[in-house]
Amino acid sequence: MLLEVKKLHAGYGQTRVLHGMDFAIEKGSITALLGANGAGKTTTLRALCAMVRTQGEIYFEGRRIDARSTEDIVRLGVAHVPEGRGTFLNLSTEENLRLGGYTRRDRKALDADLERMFGYFPRLRERRRQQAGTLSGGEQQMLAVSRALMLAPKLMLLDEPSFGLAPLLVRELFGILRAINEREQVSMLLVEQNAAMALDLADHAYLVETGRIVRSGSAQALQRDDSVRKAYLGY
Amino acid sequence: MEAFLHQVLAGLATGGIYASLALALVMIYQATHLVNFAQGEMAMASTYIAWSLINAGMPYWPAFLLTVAISFVAGILIERIVIRPVENAPVLGVVTVFIGLLVILNSITGWIFTYTIKAFPSPFPKEMALGRYMSPHELGAIGVTLLVLVALYVFFRFTPLGLAMRAAAQNPASSRLVGIRVGWMLALGWGLAAAVGAVAGMMVAPIVYLDPNMMGGILLYAFAAALVGGIDSPAGAVIGGLVVGVLENVLGAFVIGNELKLSVALVLIVGVLLFKPSGFFGKVHVTRV
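Protein chains in written order, with the working numbering: chain G, 10 to 244; chain X, 259 to 547.
Simulated from the structure, these hints should not be mistaken for laboratory data.
Be aware that one or more of the hints could be misleading.
Capping the alpha-carbon separation at 20 Å, the derived lysine to any residue pairs in SDA-like fashion look like this [as the list claims (entries may be wrong)]: (1) G:K36 to G:N203; (2) X:K541 to G:L98; (3) X:K541 to G:Q194; (4) G:K117 to X:P418.
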């Protein structure tokens, strides 16, 4: 297992959001976390990279990481595409991308990786010198995904990558995510409102309700499940 | 005309020094959104370190470099020990800490070195060809200031560490998510600001002489410079510094007299805050209600 989570509790101040989550991510897989607004999906991602206070155990590649700082967890190879995209608004597109690879030792490979990102997202090449704050929502989402990839991560945490994107762009983005997963063996944990798209992309999925995992299974099995279909897929 | 040119050039020399100190203010402001009132006293304390080293027999330039290095480390330590614990305190609390730092540094240097005014040496020759318009020290100060500014520009613009520092100042949350140690970047910012301040102190000390209160007026000019340029614009701070230096000198010599020079800074500060709070190069901040 690449990531193992045991009895994870987390919250903000007095408010508890997660109540003992247990789940795992297999190496090389795409795992989806599905659930309604406020179920605790974003908090789960934040908890994994120590952006909120947590209790419980988190293991990444067998190493316990729940007491480590965000920076240290990122340095282990966990890239987070945060809610709201986390763009460095006043820096250029290229600077945003270079920051993604800031902790990498192989600085020479960065230029090649930059080109690879421009290959995935040609729009970013056009915007290379432009201030990132002037990019459209969709472009910033591509930037956020590319910035995370520049880390050469082992695990990518994606928080609503489809948010604010036109349906056509969502399909394109998910295609690219699949390609990256297959070609570069990057494992992904995907949080999505768009359950249909997420289940299409994912190998495995967990259903989250009020801070607990209530169901889990292969994406295909969940797609066929009647109660899941009614609650999340809407047909 | 010649007298006028002389005043303008002399203004550029002191303006460069204001520019460095203003830049130090802007660097800390960008990272913390607070104005470091102790910046001037930190520079003053650095200058005393240089004075001690030179008096102990060290040649000027090694003493200069060592002072910059010591100031850099001291700046980092101040951030780690004094500023870090109040990181999340309300603004007024932090400002109080800054002012406390100011008073402490001022009193400690006064206690160690007494309040007697001392002469501080200039590393530049006494006489030279251009001497008609500018003293060698003024020209040298401009050169040193320019060097510092160019070095800072190159560092922030073209090195990964400089980029990381800019990122950490703008967006700490996202910076952590790409693995930048934000706390250390802030400390490094304080170190750099202290080092730049040290250079400014050593360049201005031969002009104003060395005493624990030497930076009071200078810091006021630096505030004016930073505000004229826009408190969040490094380039603005530099231009602001030069503008303030020249204005102060020319107005002091020809219009209001030397006694009222400092009021130029105050008028500029009040004027900018009243009519153009974002300065001439700063960003206008709009807050959505």
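We went through each hint and held it up to the structure:
no. : hint             : in the structure
1   : G:K36 to G:N203  : violated, 24 Å
2   : X:K541 to G:L98  : holds, 13 Å
3   : X:K541 to G:Q194 : violated, 43 Å
4   : G:K117 to X:P418 : holds, 13 Å
Of the numbered hints listed earlier, those contradicted by the structure are 1, 3.
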